[in-house]
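Spelled out from the first residue to the last, the chains are:
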Amino acid sequence: MKLISAVIKPFKLEDVRQALAEAGVQGMTVTEVKGFGRQKGHTELYRGAEYSVDFVPKTKIEAAVPDSLVEQAVEAIIGAAGTGSIGDGKVFVFDLDHAVRIRTGETGDAAL
Amino acid sequence: MKTFGRILGVVGALAIALLPTLVFGDDAAAAAPTPNKGDTAWMLTSTALVLLMSVPALGLFYGGLVRSKNMLSVLMQVFVGFSLVTVLWCVYGYSLTFTSGTPFFGGFSRLFLNGTFDPVKGAFSYAATFSKATPMYELVYVAFQATFAAITCCLILGSIVERIKFSGVLLFIVLWFTFSYIPVAHMVWFWDGPDAYTTAAAADMANADAGLIWQWGALDFAGGTVVHINAGVAGLVGAFVLGKRLGYGKESMSPHSLTMTMIGASLLWFGWFGFNAGSALEANGSAALAFMNTYLATACAVISWMLVEWIVKGKPSMLGAASGAVAGLVAITPAAGNVGIPGAFVIGLGVSILCFWGCTGLKKMIGADDSLDVFGVHALGGIFGALATGIFNDPSLGGPGLVTDWVMGTVGYPGRMAQFVIQAKAVGLVFVWTAVVAFISFQVVKFTVGLRVSEEEEREGLDITAHGERAYTA
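So the sequence lines, in the order shown, correspond to chains A and B.
Heads up: the first sequence is residues 1 to 112, going by the numbering used here.
Heads up: the second sequence is residues 1001 to 1474, going by the numbering used here.
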């Protein structure tokens, strides 16, 4: 099992959800986050006060998938979230030790 | 205003209507002027409009500019400050401002609004307007002027928000209202009214009874000196005495809701029609002129601030447009019924350039954390408006001129340089007066109830620590 964590542009969320569903991913968790990478923030100006906003709003998607689906899932995210411009985001893949479905007590791939 | 005229009016007009044979004959009753119903309706409406300028307009305008953790503290300071001054006004403020006394302070004859209504006779006292034989109900004048006193005290708060103790705000308002607002308003606005000017000798007596700055001949239609310079300078003094907010210049202190600020600025514009056009005290041509000038100068100032900001800083911002509106409103306040349409164009277009600099370049030079730019907008805008009033009052520049002889009602104009100097003297006196009073008042607060909240409370935000509630729950 792997945990895929992807940071994407907020307006790409619906495309990515659809692409992941088509790839066979059964569920995901979404969080609104802020961060920075190579895409610089921007400056805001309020009368005489100038503030640089370094953290850019992004959306983080987390999905736990069986090993067999990892490659398609990552491809799906890259395909759906990409615009070709800076700030498209990143995909991280972690090993996942254990998973339990709370309702039934199923574990492992069966819990995903 | 003049007690003598008022009492005659009271007795003559109303008591007699009920008891025609007792005090005066029918002839006297017919001769005594009574308030015009249209004027009364307009002034009641104007008074309510000025109330709207404080609550909610100023509260929202200021509140939107602070961080969300301090939103309620700003609303609360404005809401309670407004109420507090209204109470003080009815206890002693009105009497000390608008009755005869010295050129600096009035007297005590109207404490607790004593004498404005006689329940035995069912009679209301009258105050003067700017026309002979055209009285207004004194209670309407009391209420109208109360809203001015109250909003002026609330304007100062913009300089000291996000770090001042609530008890400190209240004590400061009591002190500053008593020793700066009251004398300045008395000096600028108190006079015996046109009916006192019957002969040359009576005119001399009436002049001697008027406030000091009125005696000088300074023009201030709705409060460039009394309201805006008075409050703006006091605010800057407060910013100095209090010190900067924690993290000022390092952390982001960006406004939490410019939506609120836009609503506030728009409601200010709306309410300001009562403030300025209401200051004509009658529903007449002077009110019409003040109304149009207020409308036009504000629009000019919005466009002007936007253009300056667009050119200098690269983007036209909503906050800039809202700031321009307020700057325009401030500058046209002393001028409203005292200049013509050309004056409104120049004042509106000019003030934004000055105030934009006041909030950027000048602010950096001064170095104080005048948090919401009360000095940059209100003091500078008020000074600009007060000085420009002296120039654009000139009939050759489209202005209405001023009454040079109240006995005959002669309208003239003393000359641009002469009137400009008078205006400058008024500005200078008010600037110094309020600065001194504000400094002493803040010191008194500092050594009694305290000025600043603790560092921890400031970090946490005043909504929770001072008021035990939150503006937004998410």
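What the hints contain is simulated information worked out from the structure, not anything from laboratory work.
Predicted model, so just to flag it, every value in this text is computed and none were measured.
Don't take each hint at face value.
Stated by the list, open to error - Using C-beta positions, here's what the derived DEER-type ranges look like:
| no. | chain 1 | residue 1 | chain 2 | residue 2 | range |
| --- | --- | --- | --- | --- | --- |
| 1 | B | Pro-1316 | A | Val-93 | 43 to 51 Å |
| 2 | A | Gly-79 | B | Ile-1464 | 40 to 48 Å |
| 3 | A | Val-100 | B | Tyr-1472 | 55 to 63 Å |
| 4 | A | Thr-31 | B | Gln-1443 | 49 to 57 Å |
C-beta: ideal position from N, C-alpha, C; glycine also.
Contradicted hints - numbers only: 3
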